[in-house]
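Produce the entire structure from the sequences given, and follow the hints as far as they go.
Number of protein chains: 4
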Amino acid sequence: MNSFGNIFRISIFGESHGPAIGVVIDGCPAGIKISEDMFEVDLERRRSGQKGTTKRRETDIPEILSGIQNGVTTGSPITLVTRNKDRISSDYELFGRIPRPGHADFVAGVKYSGNADLRGGGHFSGRITWGLVAAGVIAREIIKPAEVEAKLVSAGGSADIEKAVNQALAEGDSVGGIVECTVRNPQKALGEPFFYSFESAVSHIIFSIPAIKGIEFGSGFAAAGMKGSMHNDRYIDREGRTATNNSGGINGGITNGNDIFFRIAVKPTSSIKKGQMTFDFEKEEMTMLEIGGRHDACIALRMPVIVESATAIAMADLLLIDRGINQRKQDFHSL
Amino acid sequence: MNSFGNIFRISIFGESHGPAIGVVIDGCPAGIKISEDMFEVDLERRRSGQKGTTKRRETDIPEILSGIQNGVTTGSPITLVTRNKDRISSDYELFGRIPRPGHADFVAGVKYSGNADLRGGGHFSGRITWGLVAAGVIAREIIKPAEVEAKLVSAGGSADIEKAVNQALAEGDSVGGIVECTVRNPQKALGEPFFYSFESAVSHIIFSIPAIKGIEFGSGFAAAGMKGSMHNDRYIDREGRTATNNSGGINGGITNGNDIFFRIAVKPTSSIKKGQMTFDFEKEEMTMLEIGGRHDACIALRMPVIVESATAIAMADLLLIDRGINQRKQDFHSL
Amino acid sequence: MNSFGNIFRISIFGESHGPAIGVVIDGCPAGIKISEDMFEVDLERRRSGQKGTTKRRETDIPEILSGIQNGVTTGSPITLVTRNKDRISSDYELFGRIPRPGHADFVAGVKYSGNADLRGGGHFSGRITWGLVAAGVIAREIIKPAEVEAKLVSAGGSADIEKAVNQALAEGDSVGGIVECTVRNPQKALGEPFFYSFESAVSHIIFSIPAIKGIEFGSGFAAAGMKGSMHNDRYIDREGRTATNNSGGINGGITNGNDIFFRIAVKPTSSIKKGQMTFDFEKEEMTMLEIGGRHDACIALRMPVIVESATAIAMADLLLIDRGINQRKQDFHSL
Amino acid sequence: MNSFGNIFRISIFGESHGPAIGVVIDGCPAGIKISEDMFEVDLERRRSGQKGTTKRRETDIPEILSGIQNGVTTGSPITLVTRNKDRISSDYELFGRIPRPGHADFVAGVKYSGNADLRGGGHFSGRITWGLVAAGVIAREIIKPAEVEAKLVSAGGSADIEKAVNQALAEGDSVGGIVECTVRNPQKALGEPFFYSFESAVSHIIFSIPAIKGIEFGSGFAAAGMKGSMHNDRYIDREGRTATNNSGGINGGITNGNDIFFRIAVKPTSSIKKGQMTFDFEKEEMTMLEIGGRHDACIALRMPVIVESATAIAMADLLLIDRGINQRKQDFHSL
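Protein chains in written order, with the working numbering: chain A, 26 to 360; chain B, 26 to 360; chain C, 26 to 360; chain D, 26 to 360.
Any given hint could turn out to be false.
In this list, chains with the same sequence are indistinguishable; a pair is considered to hold if it fits within one copy or across any two.
Here are the simulated DMTMM-like pairs of lysine to aspartate or glutamate, each with C-alpha atoms no more than 20 Å apart in a straight line [said to hold, decoys possible]: (1) Lys308 - Glu264; (2) Lys308 - Asp262; (3) Lys110 - Glu88.
The hints are simulated quantities; they were obtained by calculation from the structure and are not laboratory data.
Only a predicted model underlies this, so the values are computations on that prediction, with no experimental measurement involved.
Printed below as a string of structure tokens:
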């Protein structure tokens with residue numbers, strides 16, 4: 026189940042400390058101009074090196090193995106890969122026996138009967154999101170003129186994100202954060218009832234990203250405390266613009282043309298230097314675990330570009346599906 | 026896209042005021058005992074008639090059209106339908122011209138070029154969730170001994186749910202609510218990396234339900250304000266039990282055997298008696314809209330059984346997939 | 026796996042002697058005019074009553090449960106059902122113990138651990154193709170102006186089909202046949218590399234029909250004995266017309282605009298009056314089995330309309346996929 | 026649509042003269058031993074160099090990018106790639122203007138609006154089957170103890186295959202052929218009604234292979250001329266063995282445990298040296314086309330291993346699906 030999408034379909038592969046990671050992008054329309062430098066900005070945003078994130082250096086330049094000729098998509102699958110370098114795996118041998126709290130070590134062990142590659146988190150590593158970001162570059166071209174923009178608005182409960190991250194770093198600890206995402210100029214009519222609503226598609230791909238704990242669209246959890254007379258967004262013009270946007274640009278699972286808006290909760294990085302009492306499955310006793318190596322103090326710092334990319338991918342799929350089924354010649358107001 | 030699931034796959038159909046609504050359930054193992062009265066409790070919980078919900082009477086007894094013989098599943102698709110009775114459609118003719126704020130009228134008009142059945146919300150009606158609940162009865166049998174239980178914990182921001190609903194009713198208004206869902210005795214190892222994580226599967230189906238605005242697993246949005254040392258759930262025994270359960274029973278998108286826990290935000294019902302200023306797309310001017318007919322004052326009142334059913338359906342699919350791919354003979358601790 | 030198609034997706038249900046059989050059609054564009062009498066011709070062609078086919082009377086008028094309002098598709102799933110009447114099931118109790126040669130009795134018993142409904146062939150009955158034909162009526166509207174036409178060209182090895190069927194009837198036996206299918210005015214560019222070629226899609230759905238043993242496109246098996254210089258179809262005009270049509274209108278899995286042509290082999294009906302020595306799985310000894318009841322002497326007589334319908338369904342899916350991904354503004358010759 | 030399979034799912038990518046070709050294999054059980062030399066025999070069988078096939082040298086050693094650690098599958102996607110070397114693309118520039126008869130040049134031009142990579146056939150090249158064969162090596166491990174074996178039984182209509190190929194070579198022409206495939210020790214119960222019958226799954230993937238014109242299972246087209254009393258396979262023991270095998274080991278779309286058997290028609294290679302009159306889409310006139318370069322005189326020579334691999338892949342998917350849904354504890358005869 027390492028694929029997402031029905032028509033615009035991406036397949037992700039790789040492990041953190043394996044030879045390479047990558048993505049295959051199927052169902053991409055032919056004739057889209059894609060140059061290698063289009064990947065640089067987004068991959069750089071995702072990359073390590075920011076304050077509080079791991080010092081590990083990832084070259085991350087995508088090699089194009091298929092699907093693009095002379096800078097133009099050909100209609101056949103696009104394959105993007107990057108080699109893993111600078112791999113130090115010695116830290117990870119312990120985690121089959123003493124699975125790290127909050128990590129996938131334990132469940133991966135159960136699910137794959139001890140055969141999972143646990144080095145660096147293996148296929149569960151946040152590093153696998155490289156493929157999401159690379160595919161997102163292409164998805165963004167498909168959904169134009171819609172534009173997706175996400176930003177980190179708080180960390181550890183504070184709007185002073187830098188301070189919160191520095192404090193966690195100093196304590197050998199980590200912090201979570203909130204990411205807000207807005208899509209401007211979205212196409213109308215994206216979202217397929219009953220089971221591929223806009224929110225279903227987006228939440229499906231967003232919850233594939235490691236460390237996500239929650240998502241809310243428009244008014245979100247606040248809606249639970251509101252009255253209908255306050256929550257309903259009244260239409261104000263023939264384009265379907267609304268006076269408020271509690272719906273987050275979505276009604277009945279379908280985009281209405283107003284800005285799309287949603288928020289995401291990111292948990293604190295699970296790998297921390299600080300000692301943790303946990304279970305040793307071999308000795309069958311509690312033990313103190315201190316996790317060495319380099320780890321992000323705030324994984325949420327990398328999230329905005331990952332969330333943007335995932336959203337663009339979901340939207341590209343919804344757009345091609347709607348375009349395929351419905352060939353609209355008229356607008357709602359002229360019915 | 027009116028189907029959900031890869032192996033255990035349900036397909037939903039029907040409109041609120043059409044002849045019937047129903048569901049086809051494919052990929053159900055043969056040999057499961059299903060009697061008609063097993064549907065009664067859940068469908069009754071979903072049904073109208075509670076205080077604050079619509080007075081419309083829905084008989085709702087499922088007719089079994091296929092897939093069950095002598096009270097046992099046969100391995101072929103199970104089809105359950107119920108007739109729509111007591112349909113009063115005259116109210117709805119206006120909504121093509123003056124789409125109701127918060128409803129799908131406008132987007133349905135755009136998407137289907139004016140051909141959508143808008144009577145009673147058509148295919149966008151909450152009534153369509155009947156099929157979810159009916160299919161959930163079967164899914165619950167598949168996932169045993171796991172048990173799903175949801176409850177409404179607040180309405181309109183208050184734990185005194187009855188009072189909040191009564192007040193909204195008195196004002197011709199409506200209120201939202203919060204639903205909490207717990208799965209006890211869940212199987213370990215449910216969830217398929219990268220794109221069919223447990224949260225992806227559950228959020229996908231949950232956001233198909235009309236009126237859902239947000240979902241959070243385990244610590245959810247609170248995680249964003251926490252530190253890793255506090256958030257990480259330490260293992261305490263060889264079964265993988267954890268001292269805390271901030272993960273909500275899920276690590277790396279895979280169930281770890283601890284209770285699964287998530288919360289859902291439900292918006293206030295969009296249909297309200299109270300007048301609303303909105304746009305008349307024919308006259309191209311603002312107008313006052315008062316919505317007659319019978320409507321739930323708090324759609325969240327019906328949600329617990331719908332959420333339970335959707336969760337059981339997602340879990341059944343994840344269970345059959347995992348069972349198909351992985352034939353585990355051993356537990357993690359004995360590697 | 027009782028669904029076919031990616032965007033235009035049909036789901037089939039029902040057993041021969043269960044309450045009803047039917048089909049759900051998802052992904053159908055809104056705005057297509059569908060009247061009940063459009064189903065009559067095709068369903069009548071499929072129906073019993075012809076010489077040599079079973080005397081069982083099937084009313085077969087489809088009831089529309091959803092998706093069509095005032096004779097127009099609404100964009101939501103279309104559900105068509107028909108009740109099973111005139112069911113005489115007493116003949117079938119024996120077949121769990123003495124599975125009929127050539128039938129699915131044995132494999133259904135193994136696969137569903139004895140829970141399959143074997144009455145009248147259950148879900149394996151040719152009767153289930155009712156849903157294919159009903160869905161085909163709608164698919165034909167989508168693929169217009171393409172037109173699909175199939176005919177039975179031989180039975181029991183003879184072009185005198187009536188004589189071959191009469192002879193088999195007289196002997197309490199049955200005969201197979203060959204069906205040829207042509208699509209005129211097909212759209213160009215249908216077929217998705219690598220795994221959803223035109224032939225992949227069509228053969229996939231055709232081999233779902235009971236009793237099909239082979240399929241060949243264009244020159245088919247004769248191609249194996251030909252030379253390339255003879256087999257290649259040379260282009261003769263700017264539309265891409267070819268001088269010959271050994272390709273059957275398909276190159277590289279994609280339609281080229283010439284007529285599509287393929288042939289299908291149908292086996293003789295498995296149920297025959299004539300006695301057959303076979304195994305009694307309860308007594309564990311050979312036994313003579315004579316199958317009573319009414320059975321088609323030549324199931325191939327019903328096949329043309331079923332093959333047409335299946336082909337239209339596959340084409341509708343391919344058309345919506347291609348339309349979704351590729352928005353062509355120009356023809357090949359103007360590149 | 027470059028993916029095949031529901032649970033065991035492969036995704037193929039690459040163009041003949043692009044940087045690399047490869048395959049991603051998803052849904053592979055963890056714990057299967059895979060060494061690099063397991064690929065050698067099959068890939069060598071597929072490789073060029075045999076008499077009558079192209080002289081182009083393909084190194085073809087697979088590089089494992091993910092999913093295998095220390096010679097064992099990990100449960101995450103397996104990615105296998107090989108670099109394209111020895112690419113001479115100058116021959117192919119002409120084919121956008123004068124599409125080769127029998128090739129995909131014309132349809133690729135239409136479908137992808139002139140953006141398709143036509144060099145060496147691009148994504149339509151037989152070279153892409155490298156990924157099928159590589160994935161087949163893994164699929165064969167999953168379906169053990171079942172064993173798939175295919176062989177070329179005739180070329181150009183003659184059983185003296187070498188002679189037929191030599192003659193075609195001497196004439197600058199090509200010939201087609203017939204491949205027969207047998208599966209020994211197949212699992213019972215593979216095949217999912219209604220739309221994923223064993224034949225549906227196998228024909229779907231087989232018709233993805235370039236140059237296939239027909240497929241027939243068991244008695245195949247001969248069944249059309251037979252009577253039921255002759256065609257029916259009588260059971261002879263409690264395992265379900267049958268006296269004859271006209272069914273090809275499949276009843277009702279489900280394997281019955283007897284050997285599976287099918288035959289495939291392969292057309293003559295489309296690229297031939299011999300001159301062909303065809304249309305010049307730029308000059309809009311007929312022209313003589315002589316195709317230079319190296320080409321197989323009989324593409325069917327490479328087919329046996331490709332057909333075996335495709336069959337194993339389809340069977341692996343069917344096996345994991347059946348295993349997932351049905352947990353059988355008993356055999357048919359003990360019901």
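We went through each hint and held it up to the structure:
Taking the shortest alpha-carbon separations for Lys308 and Glu264, only the inter-copy value of 14 Å comes in at or below 20 Å, while the best intra-copy value is 66 Å. Within a single copy, Lys308 and Asp262 get their C-alpha atoms only as close as 69 Å, which misses the 20 Å cut-off; across copies the closest is 11 Å, which meets it. In the homo-oligomer, the alpha carbons of Lys110 and Glu88 lie at most 20 Å apart both inside one protomer (14 Å) and across protomers (17 Å), since each shortest distance falls under that limit.
The structure fails none of the hints (numbered hints given earlier).
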